[in-house]
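Enquirer: Those protein sequences? They're chains A, B, C and D, same order as listed.
To convert, note that position 150 of the first sequence is 150 in the numbering used here; the numbers rise steadily by one, no gaps.
Throughout, the numbering used here is defined as the position within the second sequence, counted from one, plus 384.
Throughout, the numbering used here is defined as the position within the third sequence, counted from one, plus 768.
Throughout, the numbering used here is defined as the position within the fourth sequence, counted from one, plus 1089.
Hints are not guaranteed to be accurate.
Derived contacts from chain D toward chain A, CB cut-off under 8 Å, selection only [stated by the list, open to error]:
1) R1091
2) A1093
3) L1094
4) S1095
5) H1261
6) P1262
7) F1301
8) S1307
9) A1316
10) A1319
11) L1320
12) H1324
13) M1328
14) A1405
Computed far set for chain C versus chain B, every beta-carbon distance over 10 Å [to be verified]:
15) F771
16) G806
17) D815
18) E828
19) L925
20) V937
21) D939
22) P941
23) Q979
24) I1051
What the hints contain is simulated information worked out from the structure, not anything from laboratory work.
This structure is a prediction, so every number in the text was calculated from the model and none was measured.
Quick reminder that beta carbons are idealized off the backbone N, C-alpha and C, glycines included.
Listed below are the residues making up each chain.
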Amino acid sequence: MDLTWSPQEEAFRAEARTWLEANLAEWRAACGGAPASGDTREGFAQHLEWERRLFEGRWAAVSWPEEHGGRGASLWEWLIFEEEYYRAGAPPRVTQNGIFLLAPSIFEFGTAAQQAGILRRMAAAEDLWCQGWSEPDAGSDLASVRSTARRVDGGWVLDGQKTWTTRGAFCTHLFGLFRSDPDSERHRGLTYLLVPLDAPGVTVRGFGRLDGDEGFAEVFFDDAFLADDAVPGGVVLGEPGQGWKVAMATTGSERGLTLRSPGRFLATAERLLALAARAGDPTLRRRAATAWMHADAYQQQTLATVTRLAAGARPGAEASLTKLWWSELDVELHRLALDLLGPDAELDGPWSKGWQFALSGPIYAGTNEIQRNIAAERVLGLPR
Amino acid sequence: MDLTWSPQEEAFRAEARTWLEANLAEWRAACGGAPASGDTREGFAQHLEWERRLFEGRWAAVSWPEEHGGRGASLWEWLIFEEEYYRAGAPPRVTQNGIFLLAPSIFEFGTAAQQAGILRRMAAAEDLWCQGWSEPDAGSDLASVRSTARRVDGGWVLDGQKTWTTRGAFCTHLFGLFRSDPDSERHRGLTYLLVPLDAPGVTVRGFGRLDGDEGFAEVFFDDAFLADDAVPGGVVLGEPGQGWKVAMATTGSERGLTLRSPGRFLATAERLLALAARAGDPTLRRRAATAWMHADAYQQQTLATVTRLAAGARPGAEASLTKLWWSELDVELHRLALDLLGPDAELDGPWSKGWQFALSGPIYAGTNEIQRNIAAERVLGLPR
Amino acid sequence: MRFALSPDQEAFRDAVADLLAKACPPAAVRAAWEAPPGQLDRSLWGDLAGMGVLSVLVPEADGGLGLDETYLVPVLEACGQAALPHPVVETAMVAAPLLGADIGIVTTDLGGPNLPCAVDADALLLRCGDRLVRADPAAVALEPVETVDRARRAARLAPGADLTDAEPVTDHPAEVGRALDRGALGTAAVLVGLAQAMLDRTVAYVAERHQFGVPVGSFQAVKHHLADVALALEHTRPMVWRAAWTLARDLPTRARDVSAAKAMANEAAERAARAALQCHGAIGYTVEADLHLFLKRTWALTRAWGDTAHHTDRVADALMP
Amino acid sequence: MRFALSPDQEAFRDAVADLLAKACPPAAVRAAWEAPPGQLDRSLWGDLAGMGVLSVLVPEADGGLGLDETYLVPVLEACGQAALPHPVVETAMVAAPLLGADIGIVTTDLGGPNLPCAVDADALLLRCGDRLVRADPAAVALEPVETVDRARRAARLAPGADLTDAEPVTDHPAEVGRALDRGALGTAAVLVGLAQAMLDRTVAYVAERHQFGVPVGSFQAVKHHLADVALALEHTRPMVWRAAWTLARDLPTRARDVSAAKAMANEAAERAARAALQCHGAIGYTVEADLHLFLKRTWALTRAWGDTAHHTDRVADALMP
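Isolated chain A (complex conformation) (with noise of 0.2 Å):
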């Protein structure tokens, strides 16, 4: 047991710390001081700005080999740069679905061509991609997709919709499941495909989230030509029929740690206990408390999953809990800091924005009731 950082470590976090310091004031500026939501299509537009800020700074996706545009850190170094980024107060990032759901995918199961073609614009913010998972009748339910692609020469052929398809109106490519065998059932039959939004046929529609921001989209797919070549290296991750197979390597990391570090918490949980510091309610005092342990705790948790993965370990069922937290966690801070604001909690705010987005936590990526029947079986071993 050794919990201390290296000096390269140290070094690693004074130099992020440096660096987002000094590039989050630039950004700021000059985005005229307050930067808008992400989420919108303004906002959108200055998050990129930013996404190109840290890729040139080669920030964008540290733990990536150098010629994709990362600096090859290790999971340590990157834990360390997420602790260091929300720390500054860096926006959340507009890439994230490109970078920690697809990308590790494209490395566990794609070519060298498609590597080197998507890979380093993925990360330069040029393409910018959405997840197409859920349909309107595929939620949780991930097997019962039901758009269809149909093999023809040169390419595919897509019909059916996606939904729920968070900053797709912004995006560029799309990646997703679609039935490939018309006969098909569940988890069988489906292929990975990667899908620029511009292909013919494809239409999207942005439409409000919770938050009111219009960072969901629907995609609709009418008889669209998918070419084989309309991404570099080809349309197909993995095999055609293996889509299941590589969506769950994608999902798993959304559940894992890569979709949502303890950096981001602890910050939240720092600013906490600054509103609640002032409020002078004894039970609130001990409520942000707590809920700074448990931020803390989930801190601790990655560290010891971090050095079994470090050690070789593959990530397991333990995700599952993994995501339980995170997202409950947020939860809790959230619903804390409206208690503390009292009356105000109903004002359009951080605050406020940040409540109903943590409240997508427990409900994407797998609700957290069948997070909760993965951890039973597979973690406890409960029979199904």
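The hints should help you fit chains B, C and D onto chain A, whose structure is shown.
Expert: Then chains B, C and D, alone, in the frame of chain A:
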């Protein structure tokens, strides 16, 4: 809407209060000051003295007709009596399984001869009835009862085992379900039988409950012979083979109003307030106020229910909500008491006993998980 | 003892509920999100006034119905069930007993700094030190605020707003206290109605929505979430009705009973909102589904007219003086 | 950074766990319920001493292992998992660093008024004003108390017990503070072990117990109860290990880290106890099943060495000075 008591009801309350004060003092003095728990052998005998005293004062079963030892009290008066009973600090009723669980079924399904032969002796604590529902493999799943009753000349031959029979080791009679049709399954082919525990072939073994008292028993039936006239009016309640219907009426009572009147919890909440007022911790103070509100809400909800019942409504699936409320309220009240006691919560005493007893509430009479299913399916109409 | 609405009380409540079912569907609530200041639906308000909803607590001699809170509270529940955007608690429950009948749309700062429907109000009932005053919205500096629930149409008094010209209403502490309790209880009733509406909508949704080949509502976890809401409501509504009785009779337990009602209504509505959103899933997480109208009202009202901590402390003070 | 036990730490923990699996089954815990005063199993205690468990924190020069809390805390978890009745926290974690190796069974009143295993102790470590003293149990008036967990074998100091002849141990506030933190953290570790044991036993039980024709563990409600326990444990154990590191290095975050560990261990163990009993049903509600041994220990230890409120306030004070 009229939330006042009538002068008659107030007079009834005053009479009950006066009688309880005087008689409790006398009984306690007769027990040498502090009676033992009614779930121990010594204490059970003391509590029988109390029950006989109640019967002599016509307080043993206030809502029963006078001919059976009651005073024909209205549901309102019954509520008032319960409130006064627990406010006075009177002990839990060791006769409760007969008076509150069996008797409603006897009133509904019993013949005149059974009513005449059973009820008055029950109220007088001459016959002491315990419940014979659960079996080692039939807990929540009551319909999986395996104990059998075989029809023979002049009676029934019983085989099998009942368990978790509260105070079984101290009782004289058992009521329960037996499979009388050997080819039947689930809730068909069951007969509701009334069984003297001194019948040949019946063995009772007491064993310790969580709180250490010998409050549970196993009852073994080995070719036990139950003569048709072993109980006045006959040993079958309702028709042979119709036991499930009769039992459901009884478990309805168990879940609902008659088992746990609000008076008991209001009295506990009042004692808790006294404890919290001394403690000074603002969070515990707030929790005490909340617990009191929940007890008070049970009282108000009961008044609304009794208003409906008094107007002729039948108790419905809402009884599930009632059972959820009082059982979780009881846990809440006692957990808070232990938190108020701090390190001395571990001492054997009324609060730690009460805590352990409270923990049985969410388990018995149908676990709270099953009650929530019933509430969702039958009150809200969700699909099975 | 009769813990139930009288036939009169029930008929009144049902009549208002029928009106709201027709005149205040979710589309009407959405309209209040978008309507410019001053353009809140006056026709519906007129209908409510016509039915006497706004003057229940005004003596008959003064043109009111001359009834008490046990009549108004069930009606406010119905208003909550429809997520009615108008300030009916502020007008009918709080202002009318002080200002009389036919006062138009009235709002107040007694429930908190953000005055609901302040951009539409005909009159303001304001706290001025220990007094209550009536002010003309045109004569008082109001600053609109952006609320998560835009149907709140709220504004707050500008710092240092001048109330010297405002008309005195009362400086009697008991009257001020009663007004505060009326606002808290009325809001509790609205919250019970909101919770019921969220429960009903969710029950309907999970019965119809299928995943994994079965209705979502057949999963035990979903059943338990919704059973918990039903459980809370079953034990909260009687607390609200009882407090109406206490308030109507001005019994000595008023502070305790009103605060217990508001604290429990806050908790029940918050639980209902949480369960409703979770059981709706992603569909509930859009502004295209109507659910969000109810969620956002709930989040505002649980912290208006005193939050749970405030009212719990008040109960504690009454019980453990 | 390496947040995991070293091979040494793991081997030590596993060796103790193996011993306890053999020498401290539930029957041994039951024996401690019934054994007369002074008759607590000395052979097992001797084995623990022989393995060095009781002198982990004693310098090698003084006959101990000369190791730190990161070695002892995982072992205490194993002790909790076996519901070991002996005062291993009091002796090994609290007394040994102050009194040295080979001190027999030592108990203390630092964790609360009820001294565990006081009826068996060879020595008492007592608070006397601001000082700590060592007393001979024969020379101090002790009154046995009846505890729900009879394996606690507790007694308390008689009012006005005379400590004038007791041997001074320390009057250094830092040493007293460290002893208190060691007791709290050791108890947190025991609670994590108890919680793990209750979870494991319940998982095994619900897989085997059938109702309605299926294993009880296949019901979603049961799954969710137990997933919640696993969730709490997964995030509590690292807090306990981290606090061991903090304590070993005497870092400035000691109060915060130790109290966070105890507060979270309290909550995790309480949750585990609640879920374990509920998922066992009536079988768990008997003294014939072993579960109650773990439940009752949990209820005692969650409120010993500072309850959740105490430790949460301490975290709050550290975070919001």
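Enquirer: Please name the hints from earlier in the document that this structure breaks, with their numbers sorted from lowest to highest.
Expert: Of the numbered hints, 5, 6, 7, 15 do not hold.
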